[in-house]
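Since the structure of chain A is already known, use the hints to place chain B on it.
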Amino acid sequence: MKNEITLQTRREFLRRTVLGSSLAWTVPAFLANTFSALQSEAEGSALQTPTGKDATILVVLQMAGGNDGINTVVPYANDYYHKARPIIGLKEDKILKLNDQIGLHGAMTGFKSLYDAGQLSIIQGVGYPNPNRSHFRSTEIWQTASDADRVEKHGWIGRYFDAACPGADPTVGVVIGNQLPESFFAATLKGIVFNNPQNYRFMANGPAAEESYKKLNELEMSSPLPDDNSGGSIAMLPAGMPMTGGRAVDFISRTALDAQHSSDEVRAIAAKVPNQAEYPPSQFANSLKMVAKLIGGGLPTRIYYVSQGGYDTHTNQLASQQRLLGDLADSVKAFTTDLKAQGNLGRVLVMTFSEFGRRVSENANGGTDHGAAAPMFVIGDKVKAGLLGQYPRLAPADLYQGDVKYNVDFRSVYAGVLEHWLKTKSAPILGKQFTPLPVV
Amino acid sequence: MLKPLSSDRWNYATAAHLLNRAGFGGTPAEIQKLCDLGLDGAVAQLLDYEYTHDPATDPDWANSNYDEIRKLREAIKNAATPDEKKKLQQEREQVIQRRILDLRGWWLRRMTYGPRPFQEKMTLFWHGHFATSVEKVRNPYFMWRQNELFRQNAVGNWQELLTAAGKDPAMLVWLDQAQSRKLHPNENFAREVMELFALGEGHYTEHDITEAARALTGWSLDLDTEQFMYRPFIHDRGEKTIFGHTGNYDGDDVIALIVEQPQAARFITAKIWNYFAGSEPSPELANALAANFRANGNNIKPFLHVLFRSEEFYSPDIIRNQVKSPVQWLVGSVRVLECELPPPLVCFGALRQLGQDLFAPPNVKGWDGGITWITTNTLLMRYNDAQALVEGHLPPLTASDFARKEGGAGGQKAMKALQRVRMGGVDVEKILTPEQRAGKATIVAALEHRLFQTTLKSDQEQTLREFLDSKTKMTNADIVTAIRLMMSTPEYQVT
Numbered sequence: 001m002k003n004e005i006t007l008q009t010r011r012e013f014l015r016r017t018v019l020g021s022s023l024a025w026t027v028p029a030f031l032a033n034t035f036s037a038l039q040s041e042a043e044g045s046a047l048q049t050p051t052g053k054d055a056t057i058l059v060v061l062q063m064a065g066g067n068d069g070i071n072t073v074v075p076y077a078n079d080y081y082h083k084a085r086p087i088i089g090l091k092e093d094k095i096l097k098l099n100d101q102i103g104l105h106g107a108m109t110g111f112k113s114l115y116d117a118g119q120l121s122i123i124q125g126v127g128y129p130n131p132n133r134s135h136f137r138s139t140e141i142w143q144t145a146s147d148a149d150r151v152e153k154h155g156w157i158g159r160y161f162d163a164a165c166p167g168a169d170p171t172v173g174v175v176i177g178n179q180l181p182e183s184f185f186a187a188t189l190k191g192i193v194f195n196n197p198q199n200y201r202f203m204a205n206g207p208a209a210e211e212s213y214k215k216l217n218e219l220e221m222s223s224p225l226p227d228d229n230s231g232g233s234i235a236m237l238p239a240g241m242p243m244t245g246g247r248a249v250d251f252i253s254r255t256a257l258d259a260q261h262s263s264d265e266v267r268a269i270a271a272k273v274p275n276q277a278e279y280p281p282s283q284f285a286n287s288l289k290m291v292a293k294l295i296g297g298g299l300p301t302r303i304y305y306v307s308q309g310g311y312d313t314h315t316n317q318l319a320s321q322q323r324l325l326g327d328l329a330d331s332v333k334a335f336t337t338d339l340k341a342q343g344n345l346g347r348v349l350v351m352t353f354s355e356f357g358r359r360v361s362e363n364a365n366g367g368t369d370h371g372a373a374a375p376m377f378v379i380g381d382k383v384k385a386g387l388l389g390q391y392p393r394l395a396p397a398d399l400y401q402g403d404v405k406y407n408v409d410f411r412s413v414y415a416g417v418l419e420h421w422l423k424t425k426s427a428p429i430l431g432k433q434f435t436p437l438p439v440v
Numbered sequence: 001m002l003k004p005l006s007s008d009r010w011n012y013a014t015a016a017h018l019l020n021r022a023g024f025g026g027t028p029a030e031i032q033k034l035c036d037l038g039l040d041g042a043v044a045q046l047l048d049y050e051y052t053h054d055p056a057t058d059p060d061w062a063n064s065n066y067d068e069i070r071k072l073r074e075a076i077k078n079a080a081t082p083d084e085k086k087k088l089q090q091e092r093e094q095v096i097q098r099r100i101l102d103l104r105g106w107w108l109r110r111m112t113y114g115p116r117p118f119q120e121k122m123t124l125f126w127h128g129h130f131a132t133s134v135e136k137v138r139n140p141y142f143m144w145r146q147n148e149l150f151r152q153n154a155v156g157n158w159q160e161l162l163t164a165a166g167k168d169p170a171m172l173v174w175l176d177q178a179q180s181r182k183l184h185p186n187e188n189f190a191r192e193v194m195e196l197f198a199l200g201e202g203h204y205t206e207h208d209i210t211e212a213a214r215a216l217t218g219w220s221l222d223l224d225t226e227q228f229m230y231r232p233f234i235h236d237r238g239e240k241t242i243f244g245h246t247g248n249y250d251g252d253d254v255i256a257l258i259v260e261q262p263q264a265a266r267f268i269t270a271k272i273w274n275y276f277a278g279s280e281p282s283p284e285l286a287n288a289l290a291a292n293f294r295a296n297g298n299n300i301k302p303f304l305h306v307l308f309r310s311e312e313f314y315s316p317d318i319i320r321n322q323v324k325s326p327v328q329w330l331v332g333s334v335r336v337l338e339c340e341l342p343p344p345l346v347c348f349g350a351l352r353q354l355g356q357d358l359f360a361p362p363n364v365k366g367w368d369g370g371i372t373w374i375t376t377n378t379l380l381m382r383y384n385d386a387q388a389l390v391e392g393h394l395p396p397l398t399a400s401d402f403a404r405k406e407g408g409a410g411g412q413k414a415m416k417a418l419q420r421v422r423m424g425g426v427d428v429e430k431i432l433t434p435e436q437r438a439g440k441a442t443i444v445a446a447l448e449h450r451l452f453q454t455t456l457k458s459d460q461e462q463t464l465r466e467f468l469d470s471k472t473k474m475t476n477a478d479i480v481t482a483i484r485l486m487m488s489t490p491e492y493q494v495t
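From first to last, the protein sequence lines stand for chains A and B. Just so you know, we're using our numbering here: the first sequence kicks off at 1 and counts up by one. Just so you know, we're using our numbering here: the second sequence kicks off at 1 and counts up by one.
Hints are computed from structural coordinates only; laboratory data are not their basis. Among the clues, some could well be false.
Below, in silico cross-link-like pairs of lysine-lysine (DSBU-like), each with a Cα-Cα straight-line distance of 35 Å or less [claimed, not checked]:
#1 Lys365/B <-> Lys405/A
#2 Lys405/A <-> Lys85/B
#3 Lys91/A <-> Lys85/B
#4 Lys289/A <-> Lys136/B
#5 Lys91/A <-> Lys86/B
#6 Lys136/B <-> Lys87/B
#7 Lys77/B <-> Lys91/A
#8 Lys153/A <-> Lys136/B
#9 Lys471/B <-> Lys215/A
Isolated chain B, as found in the complex:
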């Protein structure tokens, strides 16, 4: 188990697989560069990102000293009349919506253009794992802080990350831990940390949850400083029994006790494997992954170094057998086509339709992923969004796609804003050399190489050549349509 991949299997296809999974894919040149580094060099290039400078800057509102929302909250509290209060509440709602949209665009740009794709891919994993939604948190600054927490601790120590995630302001609001007190312990976080974050169902008792909830009391949030705060006077100092151990435990102890459970390593490593490999590990593989994780002191990065160099990760039933998430689909498409990332409102609309609204996962379980990304509707949306992306006009959205809480009016407003949007589309002369553009067969072959890093089925290739043949005088626009057709296949939806 977890044998290193033999060097004769390292080639363009396996390098592409690594970049697709550990990042968001790339151009033929990028894949070739990675391939030339050899397996160990390529994995190090992606994973040891601390040696690569990331010039990204924080959103300009991401600063607790300059917080409009906090000021608005005070003003709402002190509003003189109901009308003024309502006006201020609307204003606050607009600030929240504007910033969260900005945050979505900010993150997508980092995924698409940033020099550390693996760090962003891992940040996306933690976002899905600790699935926290702005719909309840109502605070873009907290959401950004959590996003940064995941980025900074993306491949560190598991116990440290789990503790930090529990003390994170967005999480304290999301799972009500901030409201838990000695006299009324709230079990929400205590339950989810065991069930969804660290152990999985069946590996704890209801009693463990009740006792852990008592121990976690005191973990709270100071709304003035917007920081985690330990409040000793609401902490239950009594004795608790968790997993058969008894002591005067507090929140840090709860996390330590959880991470010590033999199941903990199995749980998180299986979930990480599933995210990168796209399938459940076999029991033997799950054991091997957990053993490796433990041997590495529950540190994520050395574990991933082994994972990404293992023969198992490059097995035939893993390669090109993962459904692209909507984010992978969008970011990956922009990267391989070397076109522009559409404006935030367009990305938001498309991702929402496709089922992956960043910073607003459907519930605390996160996105189910895999084949649940695909419904008859979302598949046709992907095919139609592909047209928008390559041709540079807007996808066929309706106002109702944007009608949120504010109802039809908000939808209309968003639509009007969208109608002004222009996008770049694909520049055929940038992604195909003159030699490649010379004939139908070379066009199809070059595009297959770029989009799939392999070939399509022979009759699909035939269909594409026939499509180009049907044009009396083939133009760049026809090639763009051919690209769209290639993206409108089941094969393009997997990676």
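Looking at chain A on its own, in the form it has when it is part of the complex:
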């Protein structure tokens, strides 16, 4: 009887969908999730429904390639440091002193001013047991928050979405880049990815093509319900199989709607929201400018993800690290200025990470090779500013195979961010309980 049912409105379709449940798969996530969130009883304290406008936001900055932490937070008064690095060791007059032992790399004036303003926390000696010196493997360990000897399928951010944001809009995670980082891998994938808002759209040659694209990718509300495979208007394979019966195409249809929806939204915000700070002219700064616009435009995002590459400094490190750290510090400083002008700085926390630090001793090419522990930076209005953890010991006897030993597990930092900033239980996400580092 209901085979030829025709639903008049999108609203009616959605109402039926929600009541009849299982069809949520074919509804765009941003709609279905809203409904299911409304329906779901608030079970368990790990569950939260982010609302966007006033929720806290985390911005993850990846320093890809393995940043040399020792020349970033510099132990300028330590003799072992200068002995190990006769060529690339930074002299006292080249650094921005934090105390009588350590200082920031001279290019990081942006970070120094944040530090002085009580908006920068430096976590020293962050790493993990049995460090791996492969870029791939160590990146994977940081992205999945796994032990060094375990391979995890899902990333720590993806597990956060799975555990804490079940009813969220797909824009709950935003990656500025080409690919979804492994940290976003999840049981239920969430997050939109784009590089350049100008390219994040369907490129149509003409309005007719544009309109056709939208229709072809729309859920046709006048069609029979998708689980109704006896209706004549559902395409049949010659052998009698409904073309839309499978789950793959339904998932893609939903993603297509998410893409269309977020593309319009992202481009509208990009065009509308101004940046209110001077950023350096770099690609990394452009990414942060975009993030600032999206925050200002009120996208309901909890986690933004931005990468800066080039830290694999095996040769002639001084010049390249100078450029990269300067770009990082200036861009982040501008980003905080921008957010402050918007009135959003109070709800944004920035956290940096790199897959590993580098060897204590310089190599023969004016560079450094893959190492282990390194500092992390956390930036925001509410951070526990100053130096956290201990600076790793540099005496040769205190090193392990030429590397400094970690004294803060990076997962304690994640735990601190999850519990104290994103306000969710960290153990279900990180697989076990790490002592949350009080970063805020």
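Leaving out everything else, chain B in the frame of chain A:
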């Protein structure tokens, strides 16, 4: 389980399914030809490829006697000044980049135009399975050798392939086996061969790994001959206990012990099923697949003969329910549209954006595949790349898409090279007969038949007809845009 498909279900649609999955799809004529052979004939035509001559030749640099990179390595070692050393290192980097790009193009051409699509499809499976990346191996010659190894052993004996893959130079570098010694055994390969290549997590103990790593010591690489070398003096000759068996095992024994595990057949057959069918097998089906594999002496080809003729492979929830990988999307599109494969740099840029950089999988697990191919970004990229492919101009790439280690300058350089590139695009008169071009309905129907081997939803068809109607005088360019629109649908992303 694994009943043969009844002959009345063999038709154009099922023949298309076979060609899409066991190969990279094809034109209506190619599908019809396969259909006419009958199920057994069609499967034999694809799988028994040794009877089909493949005229492909090796890349001209793929020869260890002529190895610029090796000479450069020596020169770098003996460089007189740091500046000279740096210059030589840059030169080596350029040679590596150039060759790996050449290799990518070489392989894509074989997939697209070669007479043995199934062999290439299987080679692609092994590349994803033994996921080895040039980013660490840094040697295009090794990557090519590994690719040839997979091609030559594509459907042979599992134990032989697993052993050969372990002794392959690229693998010896990739998983550090070449550096493993009696005094410092490196567990990397020992762990991955159990976890990712042959058994899966939970089917071995940490102790098995430690002991296997000891047994594998001695498997090494001679950098001068660029060949596998067994070095007895770094091999641990002591007794090892692996899976409860004790003996003075070596690397070959480790592989034999692994393949003897009952789990081994289940693991590899489930993974092969997933690759071709696009879903996890049910427990019953997994048992049936493993039993069949064992009955065939762990030989892959007879097992696949059964798989591709089974009713299960042609079940409704298998057909048109697999997300095309970026390579399948690209190669398949070129094949069905009978257009030209874009130049290597363009293919590389597109595949990289879409998430499948050949010879550079993201990690040793390989590509996750399935729905993870699709993000909001990659879906829009597919839609936009479709425009580039059919119209013959470049996709909307930015310099940053090409900015690799060398940073912005390299990206700019690649962009400039790309701006000179011209591609063919789709020739409407080649793929549609004059009768088919006569009206909107026949155009849409013929293109659906070609691109999907079935029909779209009725309102999608309606939208396409309306698009063509909106043109006062319909031109070939409008038909090309219609093709692009059909490729810009969720339905085109599955096969």
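Hints that the structure is at odds with (numbers, increasing): none
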